[in-house]
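K.L.:
Work out the full structure: start from the sequences and follow the hints.
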Amino acid sequence: MVQQSLELEKRKKEIYSNLSDQEKQSVRHILTEMAEQTIPDDLHVRDVALLLDVTPQMVRRYCAEGKIEAYQRLGDSGKWIIPAAQFFHHPNWPSFLQMREQLKSQSIRIAEKMEKEFGE
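Residue numbers (my numbering): 9 to 128.
Calculated from the structure, these hints are not laboratory results. Heads up, none of these hints are tricks.
Taking lysine-lysine pairs in the DSS-like style, the calculated list, with each CA pair at most 27 Å apart, reads:
1. K21 with K75
2. K21 with K112
3. K124 with K112
4. K32 with K18
5. K75 with K87
6. K112 with K32
7. K112 with K20
8. K112 with K18
9. K112 with K87
10. K32 with K21
11. K32 with K75
12. K20 with K32
P.N.:
Below is the structure:
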């Protein structure tokens, strides 16, 4: 199943890379509109790491260096607050939105099973 998932993801990337710039823009626009209500204003470091395919440590470094628009909640000692809007046009954004939606669906299914198993 993991292999199939990897193959599917690879195929999606191939298809996406063959789209024209205008088609890519349309895909991003549609996916962003569909997920608009589920997208937070800010992303966590781990979300940005998944989106950029880097480690959370690299994301923190990019934030500190100003390569990613971000600020710290408690001055220099808090968690990074990373506005999501700066990533809307990133090539991995559609895949990231899809992954978030899958995780949300899985969480809902698990909660429903738990509720059914253990009652209200």
